[in-house]
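Engineer: So you can see what is in the structure, the chains are spelled out below.
Number of protein chains: 2
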Amino acid sequence: MLNKIYVALIHYPVLGRDGRIVSSAVTNLDVHDIARTSRTYGIKGYYIVTNLPAQKDIVEKVIDFWTNGFGKNYNPSRREALRLVKVKEYLEEVLEDIEKIEGEKPVIFFTSAKKRETSISFKEASKILREEKRPSLILFGTSWGLPNEISEMSDYIIEPIRAGSDYNHLSVRAAVAIIIDRLIGEETIIGRDDS
Amino acid sequence: MLNKIYVALIHYPVLGRDGRIVSSAVTNLDVHDIARTSRTYGIKGYYIVTNLPAQKDIVEKVIDFWTNGFGKNYNPSRREALRLVKVKEYLEEVLEDIEKIEGEKPVIFFTSAKKRETSISFKEASKILREEKRPSLILFGTSWGLPNEISEMSDYIIEPIRAGSDYNHLSVRAAVAIIIDRLIGEETIIGRDDS
Chain H
0 MLNKIYVALI HYPVLGRDGR IVSSAVTNLD VHDIARTSRT YGIKGYYIVT NLPAQKDIVE
60 KVIDFWTNGF GKNYNPSRRE ALRLVKVKEY LEEVLEDIEK IEGEKPVIFF TSAKKRETSI
120 SFKEASKILR EEKRPSLILF GTSWGLPNEI SEMSDYIIEP IRAGSDYNHL SVRAAVAIII
180 DRLIGEETII GRDDS
Chain W
0 MLNKIYVALI HYPVLGRDGR IVSSAVTNLD VHDIARTSRT YGIKGYYIVT NLPAQKDIVE
60 KVIDFWTNGF GKNYNPSRRE ALRLVKVKEY LEEVLEDIEK IEGEKPVIFF TSAKKRETSI
120 SFKEASKILR EEKRPSLILF GTSWGLPNEI SEMSDYIIEP IRAGSDYNHL SVRAAVAIII
180 DRLIGEETII GRDDS
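Residue numbers (numbering that gives the first Met the number 0), protein chains in the order written: chain H, 0 to 194; chain W, 0 to 194.
No wet-lab data here; the hints were simulated from the structure.
Hints are supplied without guarantee of correctness; some may be wrong.
[To be verified] Residues from chain H that face chain W, not an exhaustive set, calculated with beta carbons under 8 Å:
#1 Asn2
#2 Asp32
#3 Arg35
#4 Thr36
#5 Val58
#6 Asn72
#7 Ser76
#8 Arg82
#9 Glu123
#10 Gly163
#11 Asn167
#12 Ser170
#13 Ala176
#14 Ile177
[What the hints assert, rightly or not] Under the rule of at most 27 Å between Cα atoms (straight-line distance), these lysine-lysine pairs were calculated in the BS3-like manner:
#15 H/Lys85 to H/Lys104
#16 W/Lys113 to W/Lys99
#17 H/Lys43 to H/Lys122
#18 W/Lys104 to W/Lys71
#19 H/Lys113 to W/Lys71
#20 W/Lys85 to W/Lys60
#21 H/Lys126 to H/Lys104
#22 H/Lys126 to W/Lys126
#23 H/Lys43 to W/Lys126
#24 H/Lys122 to H/Lys87
#25 W/Lys122 to W/Lys104
#26 H/Lys43 to H/Lys85
#27 W/Lys126 to W/Lys99
#28 W/Lys122 to H/Lys122
#29 H/Lys132 to H/Lys104
#30 H/Lys43 to W/Lys113
#31 H/Lys122 to W/Lys126
#32 H/Lys71 to W/Lys113
#33 W/Lys122 to H/Lys126
Beta carbons are placed, not taken as given, at the ideal position from N, Cα and C, and that holds for glycine.
Throw the hints in and build the complete structure from the sequences for me.
Structural biologist: Below, the structure is given as structure tokens:
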């Protein structure tokens, strides 16, 4: 049984090209694509984390256009996906929001394009998700990936996609789609809010 | 053994909102994301099919910028992905190009978000890809999907992703990523040109 799964796309703190902590810009299609993937797989909420007020404004305008504005009737399926999106400034606020909704903190899954010693396989991660009764949160990084301060907050680190490949530069939109499909596949998630 | 796999993203002929045949516009991120997914999974070539000269020009300029222009040194991994991209006006030209490269026509796989009676499962499609000695070509539609005239040219129709879901509006970028991952997964493709 898959139960109350959330995803978050982190724009701060992430690694920059030189390995330092930066705040990355939100890409419009990340909002749309990952919302549509989330809706397709029964994800209960999709958090966009950015600490920059101007970026927060942009995302909120996009969501508003498609859920309340002209887009609502123009493309109802887009509305259905974007209703899952929430913008938060910090990961801590995401955890608090999930705790408020579910009554307990989520189990946190960390994803990365780089191999780590402590990582678990997709098969193991999928099994844990199935057996877990608490809500789950899967984290995705933008820019050059998530920093150690985020992996240290996480319960599980999932192995990279195609770790054996000589090329690991999937777009985050593609990586999220593949990871969610590997974890959930054709199964139905229980506890998704369809109201 | 996975062998000489190609993908094509079709902008003409595709179905419009009302079911009639239209020519869709090329989305810049479709070029990038699907090129990066292709490179990650060892796909040998990624064809963008559009019959509109202005659209063809745009894609060729994007490719040129990243493979020969400023982008070449700014982001070498992007170059490596975009080197796989070719623009063709019609699907027939794609088939001819693959025949010229491989010495024989490809086996054609059709994809769709809609269930069809003759569709095969991902597992079957993956097995066929593994056993096939000829090159393979996987077709993806934009807009409201690929028309019957394309399915009739195809050898196999692959089942939809999450056919049991009440929502089937993945972005084509996400759908391509998931389908390629389901067919190829962690395996290495033989015969990819790394020169």
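Engineer: Return the numbers of the hints above that this structure violates; sort them in rising order.
Structural biologist: 1, 5, 6, 8, 9, 16, 18, 23, 24
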